[in-house]
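Using the sequences and the accompanying hints, generate a full structural model.
Residue numbers (the numbering used here), protein chains in the order written: chain Z, 1 to 492; chain W, 1 to 457.
Please note: incorrect hints may appear among the correct ones.
Unchecked claim - Covered by chain Z, per the in silico footprint, the following chain W stretches (three or more residues, Cβ under 8 Å): (1) 225–239; (2) 387–393.
Claimed, not checked - Result set (EDC-like, lysine to aspartate or glutamate): computed pairs, CA atoms no more than 16 Å apart in a straight line: (3) Z/123 with Z/259; (4) Z/254 with W/10; (5) Z/37 with W/254; (6) Z/6 with W/309; (7) Z/365 with W/449; (8) Z/254 with W/25; (9) W/326 with Z/259; (10) W/32 with Z/187; (11) Z/37 with W/228; (12) W/403 with Z/105.
Since the hints were made in silico from the structure, they are not lab data.
Just so it is clear, CB atoms sit at the ideal spot from N, CA and C, and this is done for glycine as well.
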Amino acid sequence: MPTPEKVIFEYSHAGRGASDQWPHDPGTAALADLPAKLRRGHAPELPEVGELEVVRHFTRLSQLNFSIDTHFYPLGSCTMKYNPKACNQYAMLPQFLARHPLAPESHGQGFLACMYELQEMLKGVTGMQGVALSPMAGAHGEFAGVAMIRAYHRARGDLKRNEIIVPEAAHGTNPATATMCGCVVREIPVNSSGDVDLAALKAAVGPNTAGIMLTNPSTLGVFERGIEEVARVVHEAGGLLYYDGANLNAILGKVRPGDMGFDCLHMNLHKTFSTPHGGGGPGAGAVGVAARLMPFLPIPIVGWSGERYRWLAESDLPQSIGRVSAFMGNAGVLLRAYIYMRLLGHDGMRAVGEYATLNANYLLKRLQSAGFEAAYPERRASHEFIVTLKRQARELNVTAMDFAKRLLDLGFHAPTTYFPLLVPECLLIEPTETESKDVLDAFVAAMSQIQQEAQQEPERVRSAPHTMPVRRLNDVRAARHLDLTWTPTTQR
Amino acid sequence: MAFIPHTEADVAAMLAAIGARGIEDLFEEIPKSLRASTLAGVPPALNEMEIGRLMSERAAQDGTPLSFIGAGAYEHHIPAAVWAIATRGEFYSAYTPYQAEASQGTLQLIYEFQTMIARLTGMEVANASMYDGASATAEAALMAVRANRRSKSARILVPATLHPHYRRVAVAMASNQGLRFEELPYCTVEGVTLPASLGKYAGEDVTALLIQQPNFFGRLEDVDALTDWAHERGILVIAVVNPTSLALLKPPGEWGSRGADIAVGEGQPLGVPLSSGGPYFGIMTTRMEYVRQMPGRIVGRTLDAAGREGFTLTLQAREQHIRRAKATSNICTNQGLAVTAATIYLSLMGRLGLERTAAAAHARTRELVTALTRTPGVRLAFSGPCFHEAVLLLDRPVAPVLKALAARGILGGLDLAPYYPELGAALLVCATETKTAADLERYRASLSEAMQAARAA
Chain Z
1 MPTPEKVIFE
11 YSHAGRGASD
21 QWPHDPGTAA
31 LADLPAKLRR
41 GHAPELPEVG
51 ELEVVRHFTR
61 LSQLNFSIDT
71 HFYPLGSCTM
81 KYNPKACNQY
91 AMLPQFLARH
101 PLAPESHGQG
111 FLACMYELQE
121 MLKGVTGMQG
131 VALSPMAGAH
141 GEFAGVAMIR
151 AYHRARGDLK
161 RNEIIVPEAA
171 HGTNPATATM
181 CGCVVREIPV
191 NSSGDVDLAA
201 LKAAVGPNTA
211 GIMLTNPSTL
221 GVFERGIEEV
231 ARVVHEAGGL
241 LYYDGANLNA
251 ILGKVRPGDM
261 GFDCLHMNLH
271 KTFSTPHGGG
281 GPGAGAVGVA
291 ARLMPFLPIP
301 IVGWSGERYR
311 WLAESDLPQS
321 IGRVSAFMGN
331 AGVLLRAYIY
341 MRLLGHDGMR
351 AVGEYATLNA
361 NYLLKRLQSA
371 GFEAAYPERR
381 ASHEFIVTLK
391 RQARELNVTA
401 MDFAKRLLDL
411 GFHAPTTYFP
421 LLVPECLLIE
431 PTETESKDVL
441 DAFVAAMSQI
451 QQEAQQEPER
461 VRSAPHTMPV
471 RRLNDVRAAR
481 HLDLTWTPTT
491 QR
Chain W
1 MAFIPHTEAD
11 VAAMLAAIGA
21 RGIEDLFEEI
31 PKSLRASTLA
41 GVPPALNEME
51 IGRLMSERAA
61 QDGTPLSFIG
71 AGAYEHHIPA
81 AVWAIATRGE
91 FYSAYTPYQA
101 EASQGTLQLI
111 YEFQTMIARL
121 TGMEVANASM
131 YDGASATAEA
141 ALMAVRANRR
151 SKSARILVPA
161 TLHPHYRRVA
171 VAMASNQGLR
181 FEELPYCTVE
191 GVTLPASLGK
201 YAGEDVTALL
211 IQQPNFFGRL
221 EDVDALTDWA
231 HERGILVIAV
241 VNPTSLALLK
251 PPGEWGSRGA
261 DIAVGEGQPL
271 GVPLSSGGPY
281 FGIMTTRMEY
291 VRQMPGRIVG
301 RTLDAAGREG
311 FTLTLQAREQ
321 HIRRAKATSN
331 ICTNQGLAVT
341 AATIYLSLMG
351 RLGLERTAAA
361 AHARTRELVT
371 ALTRTPGVRL
381 AFSGPCFHEA
391 VLLLDRPVAP
401 VLKALAARGI
411 LGGLDLAPYY
421 PELGAALLVC
431 ATETKTAADL
441 ERYRASLSEA
451 MQAARAA
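This is how it looks when you write it as structure tokens:
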């Protein structure tokens, strides 16, 4: 079991410091022009530690983490595929790192060429007519997308349209985004086989419908078979279709959202195009649109004049929803996605959806054979699938959370638990295409072992994990006794 | 190919287990009419050697000019240890720490980050970061509307001295929810917000006042007077700050008699490369009384089942995956990797190193301004103190001068004509601790030549 690590401030000693990293002292005369009443009274209380202490501390912290590089990470809806090292290395070339966001186009033709080609490739794989790269995460892309839908209706004088329809199984970001855009959310049910309830959809649409937000394959791990009918119903009612790209990996190279009738989408480049998740970000949530939404794309966008690349700004897109980031979004992440797409190329891109789907269906079948219950057994899995442990919870009093925590002991990151909410005791499992059959087989063996433990020594599962740096944490205490910053007095 | 490890034998065995004849069978639920016939726009694959060559060529094309541009993104020395550790796979390729027991490294690091940022800003609590300084400013405005229960107007006062891009992002991200942003004029002599311009709001319902310190021109605002004016009228104060400057300048938690209510800022100066604008991270801090109105992830320390200390995401009832349409924001990710770098950076800098960095950057900018204003036709735009950035006025249009400098490998600053046409030929310049005396002399000599050339033309 790894040892817990002290908080960095506990290593601090007055007068110690990584002084080789600091600039030379300019002397106090250099600060003579700063008025005393605007100065800080005392230096900020940051740790005073040497470089080796810093290196050891943060290296040890890193070792307390599970990651793709160290563990299988079958987190449903998150697409934890391998992040190729080349993508990081070539995005971190010194000229790219040093380039100022406001540097002139004359000193950015190489970078802008990558961004322009990335826009073109993303159009190609999604079937969209225009792409903007500046949204900095999936939810940020959703915001830009729904803001464009709203701006589209307003530009037509269709001012009543403020309702966004969302299936009940949607990611939480979908309804939260609708609220961010000043819209009202209307939830509709899905039927027992996982498809949108078309009758409910028909009843929900009307003159107030701004649009519908859909993930396809849905968060239930199945392809929305009624998508053509959904598109027809929403379009006939005057609404637009928004595609949440969270599950794009499932269909990459096989089906394009533009061909399904979607007007607008975001892509999670940190999922489908393998940029790192970085412990919770940075992501990148590029947006794509059909022709009618192109005037509303967020700025800036990279254009090609026939001779050189240039930024398109307000003067080029006067109806734009505006800026959503200070500069152009997470440029370094976009470079990684560009490199990944060039490494895969046309054929590799087609293989992604195929092998992600092969891995998911194989893992589902093996788990079913081992006695686990699929939430939608009559359906093909997409790139992910849901197993429900409601029988184990009922008969053995061992929950999905218990299975998840015990998996950590066995060296596997847990799948997504308790999402989507409408399937009880669920595990949403997404293996991705970069995992081998051997790893999937080992995961099945681990799940079988836990099943056996749940029958023979259930307390071992209920009290898991046993081999992690900490046992199960008290979340209720965390929220009731807020301890959000370290102080010497909170030291125990 | 495509980082897919399957052998033909694997595929055959897997298909047999599934009971499918081929991979194509797995897509049988998708209507045939929808199948993509083409992936136009995606070229054939390059191998790693080929992409390495291509990227090196592209990078070389952009070169390494000597840059004096600041304007919200600042070149600082980044210690070698920062990214050597941040790019360790255990940080780089981990997900959001939802499974706390398997994510203690990331969680503890964020807790340390929150502590450092709270101490730097003098505020009580910090979150795990927003996307960038501009989006953090927009979210702060939305948060102020939730936090200021006495105000019903959703009116936010925004000085024209706030970064122009931040003002645009705030409008784009918050006006759909009914927020109104009203611009406060600035003094064209001093380059700071005119206190007299606030008089017209006497007795009116205003929700919040934004104050950027140092402001976009690098000038220092009278933050104490502005903060007290707002608080006397029930108006919340949102500070927008540069974290490096806080090693020297009064932290927002100490502005006026009560301190700012929310403080946000661009975290990039703390160990994050310029990288064409991102990934950076947004700082967000507030008073404890408003913590439940704050968007974004927050880490707390708690106890585990054995009574030992550990770290976990907390106050998740504010967030979209729990509250859905009623969440404080739709934000899901933070900028974890950039935060990792910043936490390592702040540890290496420590209390003295950050102060020295700020002082050295400030000293270099003063030297630069002194050198450049000796050139005929160049003068300082505003009187009064600046922090590590200043506006110069030229006696001829800025754009051709910058172009001539760029041809000499020098990025001379930001032309303010598109943003502040009323200032005339104004140029925003910045020099940080990364610049040497020789760099400053090179700029001075090149500017002199460029000015003469522009005069001749």
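Hints, one by one, checked against the model:
1. Only when three residues or more bring their CB closer than 8 Å to a CB of chain Z does the claim for the segment 225–239 of chain W stand; here the count is 0, and the claim is violated.
2. Restraint check on the segment 387–393 of chain W versus chain Z: 1 residues with Cβ-Cβ distances below 8 Å, three needed, restraint violated.
3. This hinted pair checks out: residue 123 of chain Z and residue 259 of chain Z have alpha carbons roughly 12 Å apart, not beyond 16 Å.
4. Restraint check for residue 254 of chain Z and residue 10 of chain W: not satisfied, since their Cα atoms lie roughly 22 Å apart, outside the 16 Å limit.
5. Distance hint between residue 37 of chain Z and residue 254 of chain W is fulfilled; the C-alpha atoms sit about 11 Å from each other, no more than 16 Å.
6. At roughly 10 Å between alpha-carbon atoms, residue 6 of chain Z and residue 309 of chain W fall within 16 Å of each other, so this suggested pair holds.
7. Between residue 365 of chain Z and residue 449 of chain W the CA atoms are separated by roughly 74 Å; this puts the pair beyond 16 Å, and the hint is violated.
8. At roughly 12 Å between alpha-carbon atoms, residue 254 of chain Z and residue 25 of chain W fall within 16 Å of each other, so this suggested pair holds.
9. Annotation: proposed proximity of residue 326 of chain W to residue 259 of chain Z is violated, straight-line Cα distance about 33 Å (limit 16 Å).
10. Straight-line distance between C-alpha atoms of residue 32 of chain W and residue 187 of chain Z comes to about 29 Å, which puts the hinted pair past the 16 Å bound.
11. This hinted pair checks out: residue 37 of chain Z and residue 228 of chain W have alpha carbons roughly 14 Å apart, not beyond 16 Å.
12. Taking the CA atoms of residue 403 of chain W and residue 105 of chain Z, the gap is near 11 Å; set against the 16 Å cutoff, the hint holds.
In this structure, the earlier hints numbered 1, 2, 4, 7, 9, 10 are contradicted, and the remaining ones agree with it.
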